[in-house]
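This is what each chain is made of:
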Amino acid sequence: MYGSNRERYIFVTRVYRSTILEAPIESAWDVLRDFNGHDRWHPAIASSQIERGNPADRVGCIRKFRLADGAELREQLLTPSDMETSFSYCLLDTPIPLLNYVAHVRLIPVTETDWTFWEWESRFDTPKGQQEALADLVGENIYQAGFDAVRAEMGLEAV
Amino acid sequence: MARVFVSSVINAASDRVWERVRDFNALPKWHPRIRDSRIEDALPSDKVGCIRNFNLQNGDNIREQLVGLSDYDLFCSYTMLEGPMPLWDYMATLRFTPVTDGARTFAEWSAEFSCDPGDEADLVGGIGTNVFQGGFDALKRHFGG
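Quick mapping for you: the protein sequence lines, in order, are chains L and Y.
Going by the working numbering, the letters in the first sequence line up with residues 1 to 159, in that order.
Going by the working numbering, the letters in the second sequence line up with residues 1 to 145, in that order.
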């Protein structure tokens, strides 16, 4: 796939993070289903827009967003599902060497307490030697920070 | 198809929860409604296809067959072969997923089955409350929350 560069890459790093939101799944999904809404709650995202005036819940729509440090990224929505309260997306352009990055976000109801289980995971390739640092960056600075931010956005107590 | 889905959060790491429930013959050890259980034909209890033959506290006898077990994904699936309830084509899955934000476990127990429409509400309510939530309550008590 990477031709003569093959030996420079480590294949398929997996990052997995999950949390419990002490709120019903409908209210959590209200926040998360908007593919263009992350600049409202995620501290790493400064601004975001959907390209070509597409609706943010249309399969294939692309969000172009800027990080607080000015870096620009583009991500494409692959599989939004109101039935499964989930969506997948992939990274198209990024200054960070996350290759073939595909992520999944999924909410599942906690029926006992009417809470929400939220998992966020991805697979991607990284250059050799950067695997751990990038997995940590994605897991902590994006996913865990996202959990904390949504909890704050929804007015829930920190765990 | 009728469907039951019950989920809970257990205050222990998922490998500890799994260790307690992965033995298909261990229901009497962790589920308060089950009095005794044995695996038929002396098969190992983690062999797909093995049958657990168990009695509830009220004396009802049930036979269930293991159809899937994953120590990697922490789930087991089984079908009911015989039992006192007016249902058929019963297939259930018990699944545990780590909650990385705190050392907790997300527990899901779901089933699908066929029955007479008039029995559905009672069956769904009874299985969901007594069997599934009752099992989670026992696990939560064991692990302290």
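These aren't lab readings, by the way, just hints derived from the structure by calculation.
Yeah, the Cβ is synthetic: ideal placement off N, Cα and C, and Gly gets one too.
Misleading hints may appear alongside valid ones.
Sample of chain L residues facing chain Y (criterion: CB under 10 Å; computed from the structure) [unchecked claim]: (1) 18; (2) 19; (3) 79; (4) 90; (5) 94; (6) 112; (7) 147.
To give an idea of the chain L side of the interface with chain Y (calculated C-beta under 7 Å), a few residues [stated by the list, open to error]: (8) 13; (9) 102; (10) 106; (11) 107; (12) 117.
Here is what the structure says about each hint:
1. Because the closest C-beta pair between residue 18 (chain L) and chain Y is about 5 Å apart, less than 10 Å, the hint holds.
2. Interface restraint check: residue 19 (chain L) against chain Y, minimum CB-CB distance 4 Å, threshold 10 Å, status holds.
3. At about 20 Å, the closest approach between the beta carbon of residue 79 (chain L) and any beta carbon in chain Y exceeds 10 Å, and the interface hint on this residue is violated.
4. At about 22 Å, the closest approach between the beta carbon of residue 90 (chain L) and any beta carbon in chain Y exceeds 10 Å, and the interface hint on this residue is violated.
5. Of the supplied interface hints, the one on residue 94 (chain L) is violated, with its beta-carbon coming no nearer than about 24 Å to a beta-carbon of chain Y, more than 10 Å.
6. Evaluation of the residue 112 (chain L) hint against chain Y yields a held restraint, the C-beta minimum of about 4 Å falling below 10 Å.
7. With a cut of 10 Å, the hint placing residue 147 (chain L) at the interface with chain Y holds, because the nearest CB-to-CB distance is about 6 Å.
8. Interface restraint check: residue 13 (chain L) against chain Y, minimum CB-CB distance 16 Å, threshold 7 Å, status violated.
9. Contact between residue 102 (chain L) and chain Y, as hinted, is not supported at the beta carbon level, the nearest pair being about 19 Å apart and thus beyond 7 Å.
10. Hint status for residue 106 (chain L) relative to chain Y: violated, with the closest Cβ pair at about 10 Å, above 7 Å.
11. Taken as an interface hint, residue 107 (chain L) does not check out: its beta carbon lies about 11 Å from the nearest beta carbon of chain Y, beyond 7 Å.
12. The interface hint given for residue 117 (chain L) holds, since its Cβ lies 5 Å from the closest Cβ of chain Y, which is under the 7 Å cut-off.
Comparing the model with each earlier hint shows violations of hints 3, 4, 5, 8, 9, 10, 11; every other hint is respected.
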